[in-house]
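K.L.:
The residues making up each chain are set out below.
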Amino acid sequence: MKPTAQIALVLLMGVLGCDGSGEEAGPTAPPSPSGPAPSVEVTLGFGDAPLEGTLFLTPPPGSENWRYSVDLDGDGTPDHEGILGLRIGFRYRFAQAGIHSIRTVLRGPDEHRQDVESLVIVNDQGPLRIIAANRVQPLDPMWVSFEGITTSSAGDAIYVANYSGGSLHRLDPTTLSVTGVIEEMSYSIEGLVVSPLDSFLFATYKYTHVAVVDLHDFEIERFQERAGVGGFFIHGIDERRALLGGGNQLSHVDMRNGAVLDVFRAPGDDFTYTWHFDVTSDGGRAAVIVRGEHSAIHIVDPAIMESLGTVPLGPMEYPQLVAFDPSGTRLYVMGNTEEGEALFVAYHLATGTILRSLRLGRSYCSGYCVANPTATIRSGRYVAFEWNGGAYFIDTELDLPRYATQLPGSNVGFSVSASPIEDVFYFLRSDGLIQKLTIDD
Amino acid sequence: MIEGLIGVRPRDILGSTAGAAVILLLPILGCDDSGPTGLDRVTEPLPATFGRVEVDVAFGDPPFEGEVLIIPSTPADEWRYEVDLDEDGASDERGSVGLGVHVGFRYDEPGPHAIHVILDDGTNRYSQERVVMVNDSTVMSMVREQTVGPESIPADFGRPVLSSTGDALFLVDQNRQALFRVDLAPLTMTRQRSLPFDGLLQAGISVAQEDSNVYVLMSSPDVTGRWQVFSRDLMPMAERRETSFAGPFLEPGPSGLLYAWGLSGLTLFDPVSLEVIRELPPNASDDVALSPDGDNLLVSMFEPRGVALLDSNTLRQIWFTPLPDDWDLRPWRVSFSPDGDKVYAILVGNTPGPAVGMGLAVLDARSGEIRRVVGIERGAPSNLSDLVTSFDERFVAFTTEKGMYVIDVGLELPRFRGLGGEFIPIACCQIAASRSANAFYVANSYRSSIVEVRIDS
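Protein chains in written order, with my numbering: chain A, 1 to 441; chain B, 442 to 898.
Hints are computed from structural coordinates only; laboratory data are not their basis.
Each hint should be verified, as a subset may be incorrect.
What the hints assert, rightly or not - Simulated DEER-style distance windows between Cβ atoms:
no.: 1; chain 1: A; residue 1: G284; chain 2: B; residue 2: S578; range: 51 to 59 Å
no.: 2; chain 1: A; residue 1: D48; chain 2: B; residue 2: A489; range: 26 to 34 Å
no.: 3; chain 1: B; residue 1: D529; chain 2: A; residue 2: G98; range: 38 to 46 Å
no.: 4; chain 1: B; residue 1: F832; chain 2: A; residue 2: N411; range: 27 to 35 Å
no.: 5; chain 1: B; residue 1: E586; chain 2: A; residue 2: N411; range: 53 to 61 Å
no.: 6; chain 1: B; residue 1: P722; chain 2: A; residue 2: P36; range: 53 to 61 Å
no.: 7; chain 1: A; residue 1: G98; chain 2: B; residue 2: E519; range: 23 to 31 Å
no.: 8; chain 1: A; residue 1: T77; chain 2: B; residue 2: G530; range: 26 to 34 Å
no.: 9; chain 1: A; residue 1: F271; chain 2: B; residue 2: A489; range: 53 to 61 Å
no.: 10; chain 1: B; residue 1: P722; chain 2: A; residue 2: T77; range: 53 to 61 Å
no.: 11; chain 1: B; residue 1: T515; chain 2: A; residue 2: A350; range: 46 to 54 Å
no.: 12; chain 1: B; residue 1: P486; chain 2: A; residue 2: E52; range: 21 to 29 Å
Cβ coordinates follow ideal geometry from the N, Cα and C atoms, glycine included.
One chain only, chain A, in its complex shape (with noise of 0.2 Å):
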């Protein structure tokens, strides 16, 4: 096991309540006989240098003289000893761009020990490195709203749509020059994708409209008004067949001639609807944000469209992003708390635990939330969030974000696609500012 890995799992026991029964599980702490631990939990886990926050240790109800030493520099030396009365927390500061790690030794009343590990990580965009970059122009300056971005599965061909406009835009991936336009798709359209084979381009539109763009002839071959499926997010399964969402259902649909094959309707009432999902690689499995009355992510077996459980959400109260790890052993979640902050969870879907949570600061996914908002570089090690008008790139080697672009703010969409080629994601900005960029690691 690499020594970040084993960060990673030590960092898990105690801070999150995780019991580290998973396969992958690492070091376990034995049930304490002095009862529940006391929480540990940094208010923010992701950051821009200097970055600061708070390293809270919660008792319990009834849990009384705990001990308590707290390394904020990993120096070795604690900076922080006493005995746990009620809440106290410690604050912390890194002006160094990297992990950071905060050891928290907490010691019963009968001498047992937890150690507890607490990673920050302090963004560094040096790595980040636009190689590439040009503004579509739309056809009327009036309606710029660019939203929807797909790459081609052959990896020669970039599409993006303007969501106002109403035009379909083909890009070159290295110039990222314009190739053609077809300009009668009718305005909002959302999510883009390009069936396996590259034969045609799915597209899904707010008001349920849904397209079929043959690719060859760079065409329209067919358009479907009020389709009642989806609204925003799509994912081709073949050259017939997508799965969409966003609307009252994840929707199995043959794009050829409008048919609704298959659905999975979200359990819940009428104000129930289906939100972003992702599917694995192998096509196998599907993770569906459901939100109503009380979220849930439930993991769907596409072949039958039934749910075969839900994840835990913790204090996620309003996920936002999934998408799967390239292995699909993992889930990666970005939504906010009930409080309006950002949160980040990994989970290990065969035990349901959760892996890492990471509070990312106070933000929202509100006015502009994209319809193609993640994507997993070609390498597998990086699957990008769009969050706030920039993105999150989450290291799947360590289940974390590790860098983040700028976040300028809700009101600027940043959709995101990869390379099936190459390792450099697309991004879309709304006003059709198209980068291409890797990570220099």
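Here the structure of chain A is known, so what remains is to put chain B in place on it, guided by the hints.
P.N.:
Same frame as chain A, but now just chain B:
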């Protein structure tokens, strides 16, 4: 121990009226020489370079949980802290300050609780005390409730205004487009008058100080107003007239004049001739309050964010104090203390959840200097009534959707909160104070009623 009160325990002080008075005096006596800050009461001056010691929220229901924040402005590894949470003279938490410490507290017993913080830099020890208040909702009781107008149509009451004789309330209802009189002994709706707004936006109301005329100003989308005068029996005294200002909010001014404020800025005008005496541009005020002596006008402002004191006649600015943005709060409602020496400002934010969403700032009325700012609620209110002073001048009350808050003038903290929940839901209530007892009248739009609330303390 509190400076100047050696041998007296905080609880002894806080439990008595005299003690409360002494506490009140401490900031005046120069105990806080660090200038305007976001700090709670400072009992001994810390070196200005240290930073701050404060509680996150100083008021709440039992069990009330919060944090004492000891935040140095620069790393303070050489500084040590001790915190006595339970007033037993022994420290409950201690350690190195480092980059800063948050010490949790929890109180179950209603009333004030003193938190004693000692800071030691190795050479000197500095004593700090912070007081937090645990709500006692039992002292607040609803005496009577009177339905006002037809219940079939939801109400949207403006601020109720007490008659000059103190025996009746007048209030306008924007939704049902009516003017009501409610007599107070007993609480009875005795008059109502249809008040067609003709597409106008809102209506403000005032009662003349010299006589019992009821003035109503309705605002128009074109930022003009419609003016109508009624007798105390709600009989029209004259035809409706147009004004060059929109209001719609009205506030008594000096020498029988009135202020209109809101859409068209702040206007001082003659209620008889409707002549404009002075005016300030729009967005100049978000709430106004006349000083007890009538000489000054207090104005809260969103942009720039702060509180200003104006000459009540000339509207010339005497001072303007920007409020600290520690919690991203802005001033909304303002009031003078009953003696006119202090200014209260209720600060509100936009942040839901556990962050501080409402605060209380206390300023010196003469200089505008901030005496203290404390958080008093987690989560931001969506509705906030005026601040009104109780008959005996011990309390200042206001309402939000969480209930009616009663600030103890002596302690400069909310002391009681009650009647929340279903009684006072979001965006419902305005408030007036009785002139004969510690009673308040809450115009409850949600229930289309006037409620008499008494404080038995």
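K.L.:
Please go over all the hints and tell whether each is borne out by the structure.
P.N.:
Results of checking the hints against the structure:
The hint said 51 to 59 Å for the Cβ distance between G284/A and S578/B, and at roughly 56 Å that hint holds. The given range of 26 to 34 Å is respected by D48/A and A489/B, whose C-beta atoms sit roughly 29 Å from each other. Judged by the Cβ atoms, the range 38 to 46 Å given for D529/B and G98/A holds: they are separated by roughly 45 Å. Separation of F832/B from N411/A is about 50 Å and departs from the stated range, judged on CB atoms against 27 to 35 Å.
Separated by about 46 Å at the C-beta atoms, E586/B and N411/A break the suggested range of 53 to 61 Å. In this structure, P722/B and P36/A meet the distance hint of 53 to 61 Å, their C-beta atoms being roughly 60 Å apart. For G98/A and E519/B, the hinted distance range of 23 to 31 Å is satisfied, since their beta carbons lie about 28 Å from each other. Here the CB-CB span from T77/A to G530/B is close to 31 Å, well matched to the stated 26 to 34 Å.
Between F271/A and A489/B the beta carbons are some 55 Å apart, a value that agrees with the proposed interval 53 to 61 Å. Between P722/B and T77/A, the C-beta spacing of about 60 Å keeps the proposed range 53 to 61 Å intact. For T515/B and A350/A, the hinted distance range of 46 to 54 Å is satisfied, since their beta carbons lie about 48 Å from each other. Distance hint check: the CB atoms of P486/B and E52/A are about 26 Å apart, consistent with the given range 21 to 29 Å.
Violation of the numbered hints given earlier is confined to hints 4 and 5; the remaining hints are satisfied by the structure.
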